[in-house]
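*Asks:* Chain by chain, the residues:
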Amino acid sequence: MTGYPEFNSPLLVLGGAKSGKSFYAESLFETLGPPFIYIATAQVFDDEMKARVDLHKERRKGNWETIECPLMLADALIGLAGKGRPVLIDCITLWLGNILCFSSADPEKAVADLCNAISAADHPLVIVSNEVGGGIVPENELARKFRDLAGSANQRLAKTCASVTLVTAGLPLRLK
Amino acid sequence: MTGYPEFNSPLLVLGGAKSGKSFYAESLFETLGPPFIYIATAQVFDDEMKARVDLHKERRKGNWETIECPLMLADALIGLAGKGRPVLIDCITLWLGNILCFSSADPEKAVADLCNAISAADHPLVIVSNEVGGGIVPENELARKFRDLAGSANQRLAKTCASVTLVTAGLPLRLK
Amino acid sequence: MTGYPEFNSPLLVLGGAKSGKSFYAESLFETLGPPFIYIATAQVFDDEMKARVDLHKERRKGNWETIECPLMLADALIGLAGKGRPVLIDCITLWLGNILCFSSADPEKAVADLCNAISAADHPLVIVSNEVGGGIVPENELARKFRDLAGSANQRLAKTCASVTLVTAGLPLRLK
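Going down the list, the protein sequences come from chains A, B and C.
Taking my numbering, the leading residue of the first sequence gets 1, the next gets one more, and so forth.
Taking my numbering, the leading residue of the second sequence gets 1, the next gets one more, and so forth.
Taking my numbering, the leading residue of the third sequence gets 1, the next gets one more, and so forth.
Worth double-checking, as some hints may not be accurate.
The list cannot tell twin chains apart, which means a pair is met if one copy fits it or any two copies do.
[Claimed, not checked] For lysine-lysine, the following DSS-like pairs were computed, each having C-alpha atoms within a straight-line distance of at most 27 Å: (1) K176 <-> K50; (2) K159 <-> K61; (3) K57 <-> K83; (4) K109 <-> K57; (5) K61 <-> K83.
These aren't lab readings, by the way, just hints derived from the structure by calculation.
With the sequences and hints as input, model every part of the structure.
*Replies:* If you want it as structure tokens, here you go:
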């Protein structure tokens with residue numbers, strides 16, 4: 001599945017907060033024929049999150065169909081099989097936070113199921129995830145648990161994906 | 001403007017705290033003819049910051065003229081036009097913190113103005129900035145706002161600059 | 001000392017929390033003849049740390065002899081001279097935390113002594129350390145002090161070592 005000049009699908013795009021990873025991921029679709037599918041994992045609880053989501057929405061033009069999917073990500077991906085439409089998942093980190101806080105699912109099993117669905121995908125697929133392990137150990141226990149979970153998930157996803165790119169200040173660096 | 005063997009000016013040097021980014025940035029000037037201009041954005045409020053600033057000062061020899069500029073960075077840069085002296089700005093992150101905490105200026109406009117001044121610079125220019133988005137989401141709202149602002153600023157600066165280098169443990173990695 | 005296909009010894013392996021740095025470091029030993037020596041710097045105080053240490057222990061098979069060394073790291077390394085056995089130190093960051101919290105030693109001198117011992121090592125040596133400077137400035141003063149110390153130590157170690165690799169989501173990136 002190499003229809004893309006810049007990566008082999010599936011592609012994992014990693015980066016810190018406000019590193020430009022979503023913008024980079026979206027830009028990869030430009031040379032392809034729309035419509036594209038955007039799987040949004042964010043849940044909007046407050047104005048701060050709403051502003052962040054609105055910024056992303058405004059950037060994506062009419063070429064994108066948005067599917068909101070805070071929890072059942074593997075199922076959403078399986079449901080898109082056979083349609084041949086390029087898919088962007090943004091982002092894994094918010095999804096993991098949702099699993100941890102609003103679901104009784106086992107997070108590790110959820111990640112394993114997602115990786116299986118990613119491996120089985122028959123359409124171009126780009127997955128955005130945050131790097132969250134570059135600071136000092138958080139004082140908050142849930143934050144430490146989340147950090148470990150996110151780091152493990154990124155490792156699993158990187159193993160599953162054909163390409164991995166790290167974005168820093170909007171600039172891509174190919175890791176795999 | 002390629003008088004430097006290692007970069008095209010302007011150069012953005014990114015790195016985490018104590019990554020060696022300032023030392024690396026200063027070392028780039030060694031092969032050039034002094035005097036150099038150092039634009040310091042730090043404001044000294046307490047002993048901890050004083051110790052940090054003193055460490056930087058001690059490292060820079062008599063070849064450097066220091067301009068203290070906590071807020072009006074674009075103006076300072078514009079004022080250096082036509083003098084042909086190599087300039088180091090250290091650092092963007094402290095400057096953004098000053099803008100956010102001690103000024104009524106619009107931070108995004110301040111960054112845009114700075115980028116315009118950088119594009120117009122007719123002398124070798126190196127700009128140091130921190131990577132601050134690699135940890136987990138901060139609990140403090142101002143910290144989140146600052147983190148977003150710093151990340152956006154780094155993206156804009158990276159777009160504006162001809163070269164971008166990421167420093168990790170004192171080792172440079174060319175991103176652009 | 002180039003018995004390894006993938007690095008010149010000594011090698012510094014850097015990475016964030018749960019970046020896969022320990023697993024990567026251990027995997028480098030696979031093509032070599034055991035037994036290997038594992039110098040563990042972790043001290044187990046609570047169940048959370050115990051779970052983390054157990055996970056690492058389970059991964060290492062019978063090929064590894066473990067030396068627990070929370071503080072006297074340079075001495076431990078000097079004691080292994082002349083035995084010709086490959087050594088893995090995991091990790092510098094926990095060791096620095098131990099120095100800072102449970103010892104009256106000068107941390108900078110401890111790092112300098114360690115670097116001397118690393119330079120003198122006559123056996124293959126891999127050293128794991130955390131990147132901790134990629135987040136926003138911590139509110140806690142000890143955390144800031146620790147972050148600065150860890151960053152400085154990584155710079156010194158990177159200078160001392162023949163090779164440096166940054167691990168992100170399990171993927172190695174050669175920096176030196």
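*Asks:* Have a look at K57 and K83 and pick one of within, between, both or neither, based on CA distance no larger than 27 Å.
*Replies:* within (23 Å within a copy, 45 Å between copies)
*Asks:* Which holds for K61 with K83 at a C-alpha limit of 27 Å: within a copy, between copies, both or neither?
*Replies:* Result: close within a single copy only, 21 Å intra versus 46 Å inter.
*Asks:* Regarding K109 and K57, is the shortest C-alpha distance of 27 Å or less found within a copy, between copies, in both, or in neither?
*Replies:* For K109 and K57, only the inter-copy Cα distance (23 Å) is at most 27 Å; the intra-copy one is 30 Å.
*Asks:* At most 27 Å between C-alpha atoms: does K159 with K61 qualify within a copy, between copies, both, or neither?
*Replies:* Cα proximity of K159 and K61: across copies only (22 Å, versus 32 Å in one copy).
*Asks:* Using 27 Å as the alpha-carbon threshold, which applies to K176 and K50: within, between, both, or neither?
*Replies:* Intra 33 Å, inter 33 Å, cutoff 27 Å: neither.
This entry does not satisfy hint 1, going by the numbered hints stated previously; all others are met.
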